[in-house]
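> Sequence order for the protein chains is A and B. Numbering (numbering that gives the first Met the number 0) for the first sequence: 0 to 313. Numbering (numbering that gives the first Met the number 0) for the second sequence: 0 to 308.
Simulated from the structure, these hints should not be mistaken for lab results. Please note that the accuracy of each hint is not assured.
[What the hints assert, rightly or not] Per the computed footprint, the stretches of chain A lying under chain B, defined by three or more beta-carbons under 8 Å from a beta-carbon of chain B, are: (1) 121-131; (2) 192-205; (3) 232-240.
[As the list claims (entries may be wrong)] From chain A, some residues computed to sit far from chain B (all C-beta separations above 10 Å): (4) Pro79; (5) Ile91; (6) Arg142; (7) Arg144; (8) Pro248; (9) Thr261; (10) Gly262.
We put the CB at the ideal spot given by N, CA and C, even for glycine.
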Amino acid sequence: MAGRRVLITGVGSYLGTLLAARLERDPEFEAVVGLDTRVPRRALERTQLIHADIRDPGIAPLIAAAEVDTVVHNSIVRQPTTGMSARAMHDINVIGSLQLLGACEQAPSIGAIVIRGSAGIYGAEPHAPQFFGEEMTRLFPLRTRFQRDVAEIENYFETYSVRHPQVTCTMMRYQPAIGRSLRTQITRYLSQPACPTYLGFDPRIQLVHEEDALDALVAAVRRPVRGAVNVAARGTIGLARMIRMARRPPLPLAGPLFGPVTGVARRLGLDAYSDDFRRLLRYGRGVDIARLETEVGHRPRYSTAEAVEDWVRG
Amino acid sequence: MTEPSALAFMRRLREGLDAGLDLPDALTRGAGALPRDARDTLDRVLRRLEGEQQDDEWGFDEDFTDLVEPFFGFLFDRWWRVKVEGVHRVPAHGRVLLASNHAGILPWDATMISVALLRQHPLPRHPRFLVLNWAFDLPWISAFMRRVGGVVASPYNALRLLEQDHLVAVFPEGVKGTGKPFGERYRLQRFGRGGFVEIALRAGAPIVPVAVVGSEEIYPKLADVQPVARLLGAPFFPVTPTFPWLGPLGVVPLPSKWRIEFLEPIETASFGPEAAADRALVLELAERVRDAIQQALYANLVRRGSAFI
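Only chain A is shown next, with the shape it has when bound in the complex (with noise of 0.2 Å):
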């Protein structure tokens, strides 16, 4: 294919601008467009940006003027930063992506569009199969807003893409990532003084390095395939055994405490927890990556242990 044109909607989020920098770089890629209210954390050369709130629906003129066959799904907010409230999140989500599709039917040169969604919608559930497969979303109820949100927004392109069938839908299920340049959910808990842990409960965790997750997005760019695939390391590990690595004291605390706890936790200043993390530090999620080896054809280069090392390194 000469001379693709890919837009990628939050591109001034960190993995946005890597994955701008880095198909910019590419001769294939005849133009990249980004599409963010913030400004990208560093100069990119010859990425067009359009300052557009992706919940706005003016958006839908600038997506069809930019004539892109690739979109980029990259902003879905997987914990609110400090200061956006829960409803904007889930705004931003839900709403966000419905005018991203609203637009995208108004753009017909359009052929795949690649979301960076979360393995989140699988829940952590105590009787949860070790490693999620593609098809098993439906094992257990929706039980967080998050998780909710997330279905919502794979029914919606799911929805689409039924609707047009030569555009093809590439939901990357992510597990969370870990970096030395990202701060998440996980990072910050692993920075805290203590780590807060369900005594008794060592869960498996599985994470994905920040590289891999943006080659990972890179491939899917490259090959889209249609439906679901799961984005992680290869395997788990124990909690107790990431914390270790950390070099953090454990905080084991009874179930019926760990709400309190870290809610006064919380009032002090130090980081809240979501619904789905505080899910995750008791039962723990992994997902086969199978699909995403085979058919899309990354293979991770960093196992969730590696990626907790480097993490500590850094």
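With chain A held as given, fit chain B onto it using these hints.
For chain B alone, kept in the frame of chain A given last:
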């Protein structure tokens, strides 16, 4: 550990601490005075303390399993005096599905099958167990189960384990087996919908039926207090002659006499993976496994004689 070697260990440990080493270093120093096998164990404990444990993607931790083995070995040799037959019928490598009867509220039978394979099989291998789901809701128990090779009883897990050529043990009776009253002992419950056969067919794994005699007497269940069970989120709340009357002591299983027999494997690979969708075949094979176990249970009950002495 003999008296002098223990003394030597303590002395070296003291010297180490006096010389200003911190505890792990001092322990390492002290370990130089220990006999070899004790030193090995200590090495492993130390490695664990330093966070260097090895676990696979299932959370199975071979070192930890070896560490707790002596305790289960004691139960095997002394407490339950387990007699094992036919252990050579378990294939020494490749995927295998063990299907066993299940009783006794806590999965002691699983641990005894494991000890039997590790001690008496010519090529010992660690089995993986599909454990009743509610165990994974519980603190400590969930972490412990995973470390010694337990996984959530999900067909996806069973299939993945078999595809990785593990030895997998299932209890097709499930919770119906553990929760049955004393009066129904050794009468096998329904084998679900034969899900375990489906998985064996899909993976092409032979099924080895296992009959365990003795586990029914360790907690003679006299009654079941459902309201308490619901409160605790457990499938049942048993009342035995000792539990809950003696508190935590009531969890000590009675020292019945055990027999474990591994039966002739049932080959499934020749049917091909598509056969997993064949309801009739699945139910027929499940019935064959159930029948084999039931016959072996009766035979072994007779051979065992008295339940306790």
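> Broken hints, numbered, in rising order?
As far as the earlier hints go, not one is violated by this structure.
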